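Chemist: Model the full assembly from the supplied sequences, consistent with the hints where possible.
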Amino acid sequence: MRAVTERGLQVVIGLEIHAQLLTASKMFCGCAVAFGAPPNTLVCPVCLGLPGALPVPNRRAVELGLRTALALGCRVHPRSQFHRKNYYYPDLPKNYQISQYQYMDHPPLATDGWLEIEVDGEVRAIRIRRVHLEEDTGKLLHPQDGRPRSLVDYNRSGVPLMEIVTQPDLRSPAEAREFLLELRALLQTLEVSAGRMEEGTLRVDANISLRQPDGTLGTRTEVKNLNSLRALERALTFEAERQAGLLAQGTPVVQETRHWDERRQVTFSTRTKEEAEDYRYFPEPDLVPLHIDEAWLDAIRASLPELPAQRRARYVTALGLGRHEANLIVRDPKLAAFFEATLAAFPQPRTVANWLVGDVAGVLHAEGREIDQTALTPARLADLLRLVEEGRISIRAAKELLPEVMRRDDPPAALVAERGLEQLSDPEALARVVDEVLAAHSQPAEEYRQGKDRALAFLVGQVMKRTGGRANPDLVNRLLRERLRNA
Amino acid sequence: MLDTLLPAATLIEGLRRRDWSALEVVDAYLARIEALDGQLRAYLHVDPEAARAEARRWDERAARGEPLPPLAGIPVAVKDNICTRGVPTTCGSRILEGWRPPYDATVMVRLRQAGAVLLGKTNLDEFAMGSSTENSAFGPTRNPWDLSRVPGGSSGGSAAAVAAGLAPWALGTDTGGSIRQPAALAGIVGLKPTYGRVSRYGLVAYGSSLDQIGPLTRTVRDAALLLQVIAGQDPLDATSAPVPVPDYTAALGEGIAGLRIGVAREGRGEGLQPGVAAAVEAALEVLAGLGAELREVRLPMLDYALATYYLVATAEASSNLARYDGVRHGLRVPAPDVVEMFARTRAAGFGAEVKRRIMLGTYALSSGFYDAFYLKAQRARTLVRRDFEAAFREVDLVALPTSPTVAFRLGERVDDPLQMYLADIFTVPVNMAGLPGISVPCGFADGLPVGLQLIGRPFDEATLLRAAHAYEQATPWHRRAPALAAAA
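Taken in order, these protein sequences are the chains called L and E.
Going by this note's numbering, the first sequence opens with residue 1, and the numbers climb by one from there.
Going by this note's numbering, the second sequence opens with residue 1001, and the numbers climb by one from there.
Keep in mind the hints are simulated off the structure, nothing from the lab.
Predicted model, so just to flag it, every value in this text is computed and none were measured.
There may be inaccurate statements among the hints.
Derived DSSO-like pairs (lysine-lysine); straight-line CA-CA distance at most 30 Å [said to hold, decoys possible]:
| id | chain 1 | residue 1 | chain 2 | residue 2 |
| --- | --- | --- | --- | --- |
| 1 | L | Lys139 | L | Lys85 |
| 2 | L | Lys334 | L | Lys224 |
| 3 | L | Lys85 | E | Lys1355 |
| 4 | E | Lys1355 | E | Lys1376 |
| 5 | L | Lys399 | L | Lys465 |
| 6 | L | Lys399 | E | Lys1355 |
Modeler: Written as C-alpha cells, this is what we have:
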C-alpha cells in the first residue's frame, strides 16, 4: 500500500455482512432450508411470490437475529418494521425484497453495537451500525447448452438472511479481515450461521475511501463479489491503491459500485451513483410491526454461550495458553468445542492446544477437512496423548500415527498394536541393541569419550533406527551414557 | 324450476328439509347463468360439470345420513381475484390469462370446508382497480336493472350475479368501496369487514393495507351467514386479527332501540344526486322510527380521504403488481433480453387504468417524493381514522350514502378518471380507517337502486348487521328484483 502510506492517507473501511441464518425453514414460509436439492423443489406460493400469497415471519429467525444483536451489544428496538425494497430482477420473485430499512420512527431489529478486535496488540472496538433481517433471492443459472436462455432456481428464495453493517471504523484491509474472522467466530459460536464464505452462507460487501492527512473524507466506492477472506483483503488493498493513484494524478474518485475480479485480481466499475437505483422503500403492509418484549430478550440473554472474546481471555489466563494458540482455537468454534471436550479426558491444556493447532491442524489443512469431518474424537485424541504420557509410545510415533487415527475408526491403542509402535522400554532388550550399536560404531563412541557430545546423538539415532523408532529415547540415552562411561 | 332469487338462508333450509337437492339448486343457477349471462357477463369462468359433481357429492352424503357442514351443497360465486386451486384466476387481466393457481385462498378453504359449491368466477375491474367493472380486460359487466348501465365495481360481476339471481350469494373484495358500491348500484347487500377480520391469503393484492374480502348477498341474514364462515384469524395472514368471531346471526333480530347512529354533514355534500340524498334521508327516518337515536357527527377529514387513498393504494399497488413480469406465471411476451421481456409483457398485459395507478404509485414512493406523498398520505390516513374514533365516542354507528349517484351509463366516465374516482368518495374513508361497512338497499332513484351505508367500530360487524337487518325487515327494498330477472 505504498501509494496510500506515502501520501499520508488513511484507509477508511466499512463492511456490510450478510449471514444466512441456521433455521430449518425459510424467513416467511414453511419451506425447508437445504442445500443441493433439485431446482425448484423447496418452494411454495409464498417464496415463489405467487399472486395472493402472503409472508409470515419465522420466529426462530427473529430469535437468531436477537442473539446476534445482544452478543454485539446492540440496542434492540422493541418495535421494528419490515420494508419492501423494490427492484426488478428475475431471481427476485415478487420484484421486491422484504427487508428492514432504517427510518427514524420505525427502526430495524437492532442498532448501535460493537465488536472488539485486536490488531498489533491493540484492542479496538468496531462499531456496529445495525443488525436486520431480510429474505434471500433465488439463483440464476446460465446453462451453456447453446440455447439463448437462463434458468431460475427459487430454492434459495426466502431463506433467512441477517445483515450486519459496521460503521466505517476499519483502518486497513488487514483489519477488515481480522474483523470478519472475529465476527464469523461469533456467529458460529452463537450457532446463528454456518458462516462459510465459500458456500455463500456468509457474504461481505465493503465500502472503502481514503481520508486526507488533514481529516478530509474521501469519496467511497463499494466493492462486491468478495468470496473469501483473501479476496476481501486483496480487493481492498487493490482498491485503496487505485484510489490513492487517482488522487496522486489529481483525478477525483467516483462514487460507484465495483466488482472484484478474482482472476485478474482487479476491481472494475459496475454502476455509478448517477445510475443508482431508487429502491422505493416503504413499510411492508403484509406484515405487522415486530414486537420484541423484555421477557423474550431476557431469556435469549440468559441463553447466550461464552463468546469468543471471553473464551480467549479464559484460555490465556486460566488455562495458560499462549495468545496465538488461544486465538487459533477460539476463531474456530468447532475446534474450541473439541479442545474443551479433550480437556475433560486429558486435562493438560497446553499439550492439547499444541497438538490441535499443530499436528492436527496440519493434517486438516493438508486434507482440506474440518475437525468434525474426521474419525478423530476428543476421546481418541485424549487416548493418544495418554499413550505418550504413559511412555507407551514415543511422541514421534504418536505424530506418525495421527493421520491414521484421524482416518480410521479404531482406538489409538489398537492402531499402535497393529503397527507395532509400542515403545521399547525394556532395559534388557534395549541394552542388547545398545551393545550392538557400540560394537558396530566404535569411532563415534571414541569421539564421545573425547568430549564430542554430538556423537551421542548419532548413536541414539542408530539405536532408534535398529528399533524402528520404537525405543524409548530417554532410556536409550541413559543406557548409552552408562556404557560409554563404564567402558 | 327453483326460484334463484331466494335468499341463501332459504336454500339452506330447503336443502335440510329435502325440499330440493343440491344438484337441483346448482342446476337452477347454471340454467339461469346459461339464460342471462350472455347479456350480463357477470362471470368470467363457469365450470358446470365441476359444480354438478360437487353438488352430487353432497347429495350422496345427505342420502347416507352423514352429518353435513353448514353450507353443504349451496352454490357460491367468487370474484376472480380470489385464488381457486386449479380454477382460472385472472383478476380481469390479460397478464394472468390462463393462470390456474396451485392453491386455494383461505376463504376458499373455509367455504369448501363449510360445504359450499363453487359456481364460477365473477368479473371485475382489472386487479380490482375501478368502480364500474369496465376496466376488465374481458369486457364489462352490465347492471341487471338497466343493461346500458354499469353494475358498479370493482366487484361488479359478483353484484350483478347476485342481483339477477345468477348466484345466491358471492364473495367480493373491497379496497376503496368495491363491495359496497356495486352492491348499492345493483340493489343488494354488500359487507366490507374490518381490516383483519377475514384472511387475505390468496386474495390477489391491490392495496394490501386496505383490501378485505366480504359477502355480497340478497339479505343481511345471508351476509351474516357468509361472514360467519370466512371470518377469523388465519396463521397464513400476519395481518389477520386474533379477535374472536361472535355468532353473527344470534343477535340479528334484537332490534335497534337506543342505538346511536351518527349522521355526518360531510355526507350531504355536493355531487350527491338529489334522488340518492332523498332515499338516504328517508332511510335515516326509518331507523329513527325503529328506535335509533340520530346524532350529528363531524368527519372533517372526509374531504381528504379520496386524495389520500389514491396515494396509499397506488403506492402499494405499484409494488404488489411488480411480480407480473413474465418469468413465473401468466403472460410472457418474448424479447431478446430479460429487461425488454419485462417491459413488453407488462405493456401488453396491463390495461390503461392499472398502468395509470402503477405509475402514480411509483411516483409517490420515489426518492425525493416519498415524504411529500406517501408519508403525508399515511399521516392524513391517521387523521381520517381519528375522525371516526372521535365519532364513535358519541355514537355506535355512522351512516353515509354508499355512492353519491345511482348506476351510471357504460362509457360515461371511462375517459374521466377523476369523475370515476368520485364514485368511491363515501366508501374510501372506511377502508382508510380499517372499519367495517355495509351497504343495504334503501330505495330507488330514477328506477335505479340506492344504497345506505352503515359504518361500525372495528370488529363490531355484529352491530352493523343488526342495524342493517332491522332496517331491511322494516322496508320492502330487498324484495324487489330487476325486471330483467322477472322477464326471464
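Chemist: Evaluate each hint against the coordinates.
Modeler: Against the structure, the hints come out as follows:
1. For a cut-off of 30 Å, the pair hint linking Lys139/L to Lys85/L stands: about 18 Å separates their Cα positions.
2. Restraint check: the Cα-Cα separation between Lys334/L and Lys224/L comes to about 29 Å, which is no more than 30 Å; the hinted pair holds.
3. For the suggested pair Lys85/L and Lys1355/E, the alpha carbons sit about 20 Å apart, so the restraint of at most 30 Å is met.
4. With a C-alpha separation of about 23 Å, the suggested pairing of Lys1355/E with Lys1376/E holds against the 30 Å cut-off.
5. Only pairs whose Cα atoms come within 30 Å are accepted, and Lys399/L paired with Lys465/L is accepted, the gap being roughly 17 Å.
6. A distance of roughly 73 Å separates the Cα atoms of Lys399/L and Lys1355/E; the hinted pair therefore is violated under the 30 Å criterion.
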